[in-house]
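S.K.: Chain by chain, the residues run as shown.
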Amino acid sequence: MAAEELTLLGLWASPFVIRARIALNLKGLTYVYAEDSIYNKSELLLKSNPVLKKVPVLIHDGKPVCESQVIVQYIDEAFPAAAGAPILPSAPYDRAVARFWASYVEDKWFSTWLPVFSGRTAEERVEAATQVVAVLQTLEQAFKECSKGKAFFGGDTVGLVDVVLGGHLGWLYATEAICGVKVVDATKTPLLVAWAERFCALDAVKGLIPDVDRLVEYNKTRRAALGLPLLLPYAELQQ
Amino acid sequence: MAGGDEMKLLGMWASPFVLRVKLALSFKGLSYEYVEEDIVRGKSELLLKSNPVHNKVPVLIHNGKPVCESLIILQYIDEAFAGTGPSLLPSDPYERAVARFWAAYIDDKMLAAWMQASRGKTEEDKAEGKKQWSVAVETLEGALRDCGKGKPFFGGDSVGYVDVVLGGLLGWVHANEEAFGIRSLDPQRTPLLVAWSERFGALETVEPLMPDVSRLVELGKMVLAREAAAAAGASN
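If you're matching them up, the sequences are chains Y and G in order.
So the first sequence is numbered by our numbering: it starts at 168 and just counts up by one.
So the second sequence is numbered by our numbering: it starts at 410 and just counts up by one.
What the hints contain is simulated information worked out from the structure, not anything from laboratory work.
Where is the CB? At the ideal position from N, CA and C, for every residue including glycine.
A few of these clues could be false.
[To be verified] On the chain Y side, residues computed to face chain G include the following (Cβ under 8 Å):
no.	residue
1	L211
2	V237
3	Y241
4	Y260
All chains, please: the whole structure from these sequences, using the hints.
M.R.: What follows is the structure in structure tokens.
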């Protein structure tokens, strides 16, 4: 059988793209990664995702799949011969629980965190980061319930929630450098902090989580491009 | 239905999310006990215990175990009762991805536009919401035209996941114009969607479940009036 053609359109800093790449790696799938441009979206992107015009887009044998969680589930379902454990569990109830927490990360986590990136004032950024700490505490509880003492939200192997939350780890680690609020705090969320370290060390994840310095720089450049007030990263203010 | 399965749905008569679940259960031919939550006077102990994170309906409790979030409940029903009644999601992974994409679009873009158009804080906000609503509706018309390929439903020849996800909103789509000044579906601009809504609404499994549009209008107006009073009070 001819090798299946897989291309992923992405942006290195996007947590949503990172999710898709982790899923592809977990399944041992070979793919072409094409870095797109946020300032000058490619023809291929606009043609493949005409509705939302966003990355990630997975193109499988010419057919585009859009939206990171849809892509992750597609990767889990479309390659029965692929290596790696299933990303979603088999029991319907367990799948519902995994989807619930993945949805929580999508809706609650990201919208709470976003002002850290694009808040207009330093106060807004600090307030958002403070609320992120509360969200992380809920996720700490979720981890306890989902992992049942094992290494990942998915149990012994990486699951949907691991991938969905894991994509955000770079930005999570960068939050303190951006606005001065400690969000990765082993005194408050010990299980999550340990999980994050474990997750980042996985072969499927190595090299995908961008460095804090790169992300802090990216935040500055992106804010300028969006016409947002210049707010020096906390890390720079301390120098 | 399989013997020994106990199903309870916690809901609220006007909720489009709850309606989606009722529609799915109806299509699958599954029986359940329905519990109407009084959101205004106070959510039940059972609701707060079953959905501690969001405290929201719908919650489907199956043999004592709660499932929350309408799209998750729909997929749960489809998977847990795979042998019963028709499937909501197609079996082909690519078609499933397309169905999930449109469900996500409806929840992220369409609903967000509706919220902004109806409950936006300023007139400018609402106007922008109405504009986005029109964009979303026209995009779905495109989806029906291009993905639907002339079939009667988003799911093809029979009702599928996207039909149910969008179908839950139909009562409000009809009530929107009178309640919030959001234009209803226009047969000139979105003929396929209008035809789809009539076809879907007339189905035997759907028709009895649809909420009373005039009651929805009344509720919508009441919610707006309450918000206006609160805003006026707050500015004094």
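S.K.: Against each hint, give a clear statement of whether it holds in the structure.
M.R.: Going down the list of hints, with the structure as the test:
1. L211: Where the cut-off is 8 Å and the nearest Cβ of chain G is about 18 Å from L211(Y), the hint is violated.
2. V237: holds, 5 Å
3. Y241: holds, 4 Å
4. Y260: holds, 6 Å
Comparing the model with each earlier hint shows a violation of hint 1 alone; every other hint is respected.
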